[in-house]
Amino acid sequence: MTGLFHAPVMQNLMEQFGKLPGVGPKTAQRLAFFVLSLPKEEVAAFAEALVQAKETMTFCPVCFSLTDQTPCYVCRDVTRDRRTICVVEETTDVFSIERTRDYRGLYHVLQGSISPMDGRQPEDLRIRELLQRLESGEVEEIILATNPDVEGETTALYLARLLKPFGLRITRIAHGIPVGSNLEHADAATLSQALEGRREIGKA
Amino acid sequence: MVQYKTEALVLHSRKYKEADGLLTLLTRHRGKVSAVARGIYKPGSKLRGGVQPFSLNAMLLNAGRSTLHSLNQSDCLEMFLPLRSDLDAMAAASYWAELLESFAMEEQEDTGMFQLALAGFYGLAACPEPLMIHALEIRLMNRMGYAPSFRVCAGCGKPIEPSPQYSFSADAGGLVCSHCRCEGQPVIRLGPAVISLWQGLENISLDKVNRIRPQPEVLGRLGKVSQAWILYQLGRPLKSWQVLKKMEV
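Protein chains in written order, with the numbering used here: chain A, 1 to 204; chain B, 1 to 249.
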């Protein structure tokens, strides 16, 4: 309907914004008019940033996270602990774990998870490349940090079984009550897993 | 807008829009229902624990004019934790959920189907073995009215004569006698032990399935027959079955 009231150029801009996730027609219209209100240099910088990101960003040939350099910053960093690989589903998970500043090992991004009901199978993921990384014999521990949903658990269980013959330490990230929440609103499964993964405190 | 409470098994959950989930539910009172669960992918969502696949929940839903219902509240009654801690169990549960999703009728009350689905998840949590999977497949087919013919020829209707080898044709609808078997017709050869096992699994209580110890070749043949039968009834292969076969390490 908006096409009746807007110039084709504006209509096109709104359609492009409308392609973004979570952006409906009204938001697209607001964003389009906001862009028009910006100085020309800022709009050019914005457009340039979009094109540059698309042209530059690629997958790291080692860990398969998104990067502008190959290999990525983590894989090139000689101070990182090369004996530990944290396996995650997506690049965004790498950013989340990096924000903790607690982990100093390497990553491997599977680029998805196994979903039997959606037909996503192991060969659709970067599992073969993970096995190739283990051939060097340098790795001692694999941390399975896939999401704690059915697909993530299936992927973790599959990897645990697949990696067993390598004789590595295979660990799974803990599941439990989020920091700052309360037990009243926690579901039974989370509580059960939190109890199962309890640890002793106050030990000197 | 009608609000209703029901027990529901979550068969499938997929992401919908930014932070919503699109659920396929098998409910006790309304059969198979599609529902949107808003905001379950947002951090701190109270609904998230009650929308996990292969879980039994007490749900409060809104039914509008569209076939897509909306989930208001959900309280998990049974999470079937053993299904989440073992790859074979998880794989078997995925397959069972897809079978139910494929065969259950949209918005038609079928308490028997709900009970079978629930019994199936309990059964797989206790014994995620191929025999249990086949027992569930057979019961589901029988419940839907798709039981193959083992006593009379599916072609001419004459009683099947005792024989050391029979021919099963999914296209024909069961066993076919030598007169009705056409040249080039795809058939699965099977012995009397396979038919006995199939008929035994129709009636045995699910908690006693693990007491049966069939020969591996009999079990393998039963699996072939049931897969051919399901494929014929459904008209398409099940995605989870294909993935599960590839996941066998």
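Take the hints with a grain of salt, since some may be wrong.
To be verified - No more than 27 Å apart at the CA atoms, straight line, and that leaves these computed lysine-lysine pairs for BS3-like:
hint, chain 1, residue 1, chain 2, residue 2
1, A, Lys54, B, Lys245
2, A, Lys19, B, Lys42
3, B, Lys245, A, Lys164
4, B, Lys245, A, Lys19
5, A, Lys26, B, Lys42
No lab work stands behind these hints: they were computed from the structure.
Hint compliance check: list the failing hint numbers for this structure, sorted ascending.
1, 4
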